[in-house]
Amino acid sequence: DTAVSQTPKYLVTQMGNDKSIKCEQNLGHDTMYWYKQDSKKFLKIMFSYNNKELIINETVPNRFSPKSPDKAHLNLHINSLELGDSAVYFCASSQNGFTDTQYFGPGTRLTVL
Amino acid sequence: SQQGEEDPQALSIQEGENATMNCSYKTSINNLQWYRQNSGRGLVHLILIRSNEREKHSGRLRVTLDTSKKSSSLLITASRAADTASYFCATGPGSARQLTFGSGTQLTVLP
Numbered sequence: 001d002t003a004v005s006q007t008p009k010y011l012v013t014q015m016g017n018d019k020s021i022k023c024e025q026n027l028g029h030d031t032m033y034w035y036k037q038d039s040k041k042f043l044k045i046m047f048s049y050n051n052k053e054l055i056i057n058e059t060v061p062n063r064f065s066p067k068s069p070d071k072a073h074l075n076l077h078i079n080s081l082e083l084g085d086s087a088v089y090f091c092a093s094s095q096n097g098f099t100d101t102q103y104f105g106p107g108t109r110l111t112v113l
Numbered sequence: 114s115q116q117g118e119e120d121p122q123a124l125s126i127q128e129g130e131n132a133t134m135n136c137s138y139k140t141s142i143n144n145l146q147w148y149r150q151n152s153g154r155g156l157v158h159l160i161l162i163r164s165n166e167r168e169k170h171s172g173r174l175r176v177t178l179d180t181s182k183k184s185s186s187l188l189i190t191a192s193r194a195a196d197t198a199s200y201f202c203a204t205g206p207g208s209a210r211q212l213t214f215g216s217g218t219q220l221t222v223l224p
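Residue numbers (this note's numbering), protein chains in the order written: chain U, 1 to 113; chain B, 114 to 224.
For the record, the hints were derived by calculation from the structure and aren't laboratory data.
For every residue, glycine included, the Cβ atom is placed at its ideal position computed from N, Cα and C.
Some clues are possibly wrong.
[Claimed, not checked] Below, computed lysine-lysine pairings styled on DSSO-like, alpha-carbon distance capped at 30 Å:
| hint | chain 1 | residue 1 | chain 2 | residue 2 |
| --- | --- | --- | --- | --- |
| 1 | U | K9 | B | K182 |
| 2 | U | K44 | B | K139 |
| 3 | B | K139 | U | K22 |
| 4 | U | K40 | B | K139 |
| 5 | B | K182 | U | K52 |
[Claimed, not checked] Stretch by stretch, here's where chain U covers chain B in the computed footprint (C-beta under 8 Å, at least three residues):
| hint | stretch |
| --- | --- |
| 6 | 134 to 147 |
| 7 | 178 to 189 |
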């Protein structure tokens, strides 16, 4: 069974559209994350979230928003997509706190045309 | 600015040789982690070393941490073609509540 899963794996869309990426973890972890990896493989934290706290990286545009319907899911909503949003987005989870070992999903490659 | 930075950016070796990658960071940490990313895949955790530890082993992996120099190294012994991947260090700073990743070292192991 996949520990952290994301859908879709690939997402191609036009500028200005709104899209969502879903993430689910079956590890029973309390904390989930969204990362953006650019074309140079630099991995940047976007959000860290548990049932008590949402930490938002201040460089993330407010067009991006995390939504957590329950502890096992953290979805990423993106409004008014821009060309610069093209990247690979990774979801991750951890058991004990924000700096514990993280388990990553397979990634979603977003291409904005 | 980036907390962790790997060196070298790219490394190419022959199968059977050892590979050493380095990571430098800037602020105090409570732990440092190494991850591997195969092409087109998510990151996989390899090893975590705490700030009060100096060395840790896991199979063919050896990680060292020098907090006085704010640096860590990852040694892969007897490399295999399957070790070809990008390797990232991630620091868990004491004052922040998130991991910060470097830009990675691309390791290529030639058969």
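Hint by hint, here is what the structure shows:
no. : hint               : verdict
1   : K9(U) <-> K182(B)  : 40 Å, violated
2   : K44(U) <-> K139(B) : 17 Å, holds
3   : K139(B) <-> K22(U) : 34 Å, violated
4   : K40(U) <-> K139(B) : 21 Å, holds
5   : K182(B) <-> K52(U) : 35 Å, violated
6   : 134 to 147         : holds (count 3)
7   : 178 to 189         : violated (count 0)
In summary, the numbered hints that this structure violates are 1, 3, 5, 7.
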